[in-house]
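In our numbering, the protein residues as written are 1 to 604.
I should point out that these hints are in silico values taken from the structure, not numbers from a laboratory.
Check before you lean on any hint, since a few could be wrong.
Each computed PhoX-like pair below joins lysine-lysine, with the alpha-carbon atoms no more than 20 Å apart [stated by the list, open to error]:
1. Lys82 / Lys360
2. Lys105 / Lys143
3. Lys33 / Lys406
4. Lys406 / Lys416
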Amino acid sequence: MAIRIAGINSGMDTEAMVQELVKSYSGKTEKIKKEQTKAEWKQDAYKAMNTKVKNFYNKQLSNLQYSAAYNKKKTSVSDSSKLSVVTGDNAVNGSQTVEVKQLAKAGYLTGGKLASGANGNTKLSDLGFTGGDENGETEITLKKGGTDYTFKVTGDTTVNDFVNQLSSRGLNANFDSGTGRIFVSSKESGEATNFDLTANSPDGFKALSAFGMGKAQTGQATSFSSGTTLADVMQSAGSTYFNEHDSLGFTVNGETITADKNDTIESFLAKLNEKGAGASFDADTGKITFNAGTTLSGSDENGDSLLSALGIGAGQTAESGYAGGATKVDGQDAKILLNGAEFTSKNNSFNVNGLTLTAKDVTKEPISITTDTDYDSIYDTIKEFVKEYDSLINELDKLYNADTAKGFEPLTSEEKDALTDEEIEKWEEKIKSSLLRRDSAVSTVANAMKNAMSSVYEVNGKKLSLSNFGIETLGYFNSADNERNAYHIAGDPDDEATSGQTDKLKAAIATDPKEVASFFQKLASDMYSRLQKETWSTAERSYGNFYDDKKVKEEYESYETKLADWEEYVGKIEDKYYKQFSRMETSMAKLNNQQNYLSTMYGM
């Protein structure tokens, strides 16, 4: 910006004089700015209207054209505490029986309590493990989803290392320091996601036991009791060994023990347990269970004979579960019988012939489910359509019939300074509410909707209109301003104007839901087509819009050009006045110089 120094010779405030001279031109600048503001507000008003019409067009009309919107079904369940049902549109009406045989479970392994003070950094050797190959390693196998994952551990493997090995193979695993246990579970329920931990060597089983996840082995059932003496066991096996000897030798996990003939089965197992056998006797089944991987043999054939008599001899040590306080819940599929046919699912949910059944609890006897047309849902669908239509048509009528805002223009900054915020808001709202008054785009959309609603449609040879279903306007004199084109459903409990009337719509749905659906499909399709024509692309309109968005945008942008051109013009006028004053100042400077010269010559 140029720096001007004026009025030195004339003594006049030329700056103020120039601004006063161009003031009349600046007034037009404010006028253009106000027109631009109104253009911007009008563009916003169009966009808001366009969004509302689009929502109705895409969400209501688009869906209601198709039979799926009216194919509503519902299913009642005789015992909802055991089973819930979600009904699909293609479900078959009728009654069926369901039995929930078992629920889906995720595999869940709770480890036995580790040694006191154990934490995530505790090593396997600290938990009492010794062994491994020449490198101190031993293998543990995770069986999961039909795949075996084998990994190695050593005495230096920590609790956290072990947990991380399991986690990296798709399980939930963590060590709870509060309880001193390792917890492992499948990430999903179902038989296919079940898992198991095992080993291929005694050392591997020892490592699992040290981590609180030892496996158990079970011998064959016997007829003995825990108080039976070893002498009686041998005698029942036909051996007279204890008639001449008082004891037998055994090797347990590589260590030797001696058993006396007067030892009971209970006291004999106690001696085995001192060597880590983890053995126990089940009085109900007559079976002896001990830790998997336990090596047990007699020091001679007589000891082997005793072990065989107890059902824990060679070949009688198949894995049967977890030991040492560890418990395992196996993953399993849910299982139901629907009309006697068996279905399984990994997650308690079954999709069968249009029904989604969710098992909640095992049933002791069959429960019944009954599927039928959901008349209330069809009614609610139509009611929602009428409600959305009324809201939109009332809004369009309000925009079109708005009061004029003649004499109201957008406020300048100086004008706003003289008003309160509330006064400014009311002033601007007066202008904004009138911007689409008598607007052709608004009337075109509104008329397309009104014409569709008032049309007659033929269904199965019958000509039907909304009035046949008790859906009508209240009439000119009974309606509020800008609500004269809104429809009301006779008998609608939520509508004060018609709640006391006979509900023809509900009666029609109960009598012939297909006829009702066909009528509203045709109405929605007709209105959709009428509105779709108004969204076609033109030179002034982008496809999908209900107003001339291109034209409106150009009008707004034209004010930018007008404003720039006018401000440039005012600048030139301003420069002209400054140049005129500058020439005057120059002339006065010359005159002053001449007077000074003459005064000097004549001694004045």
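Here is how each hint holds up against the structure:
no. : hint            : verdict
1   : Lys82 / Lys360  : holds, 5 Å
2   : Lys105 / Lys143 : holds, 17 Å
3   : Lys33 / Lys406  : holds, 18 Å
4   : Lys406 / Lys416 : holds, 19 Å
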